[in-house]
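Asks: Heads up, the sequence shown is in the UniProt record's numbering, so the first residue is 1 and it goes up one at a time.
Hints are computed from structural coordinates only; laboratory data are not their basis. This list has only true hints and no planted wrong ones.
The list that follows gives simulated cross-link-like pairs (lysine-lysine, DSS-like), each with its CA atoms no further than 30 Å apart: (1) Lys21 - Lys10; (2) Lys172 - Lys10; (3) Lys78 - Lys21; (4) Lys21 - Lys172; (5) Lys85 - Lys172; (6) Lys21 - Lys74; (7) Lys85 - Lys21; (8) Lys85 - Lys74; (9) Lys108 - Lys48.
No experiment lies behind these values; they were computed from the predicted model shown.
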Amino acid sequence: MPDPNQAAMKFLLTRRSRPFKTLGLPAPDREALRPILTAAMRTPDHGKLEPWRLIVLEAPALRRLADLVTERGKALGKSDEDIAKPRLAYEVSPLAVAVIEVQQPSEKIPAIEMTYAAGAACLALLNAALASGWGANWLSGWPSHDPGFGVEALGLAENERIAGLIHIGTEKATPPDRPRPDIDAITTWVEA
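All chains, please: the whole structure from these sequences, using the hints.
Replies: In structure tokens form, the structure reads like this:
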């Protein structure tokens, strides 16, 4: 019988992201953020390739990126509505950590596994922030998927892309929980 960690299970069974609009100051400082980043990097990594890196975006950098969202959105022909929501996330967020997927050359590890590992790093970072008592939310959206935004905003290389932005701050309001998946409806048991 395994030795259960009931506190960790209770956290995982009740964890929930906090909408970016509910996050405000204070945000974690470098000292408070360091163990969160360290915990996030304990994510599964087939082949020990470290197919990720982190970019911590403080408020002034986020405001600069909000303007770039508008600029890139207009260049891509996005509507004002398509520009407004991602711009707002950059405008109001007190802090965000960009998880950057870094495709590493490998003969053994498929590229998709590196993508999965970067996604796992996003979730690990989100959960570490929440477990530390901060409000946090994992966002992406069209700016994250636009290579031009990644290059211009964050100086990404050709083998890099934004896996997600984890917005972190102090929760100012608690919205109701959302419906969760019906485990019985999505689970198949194979016995033989």
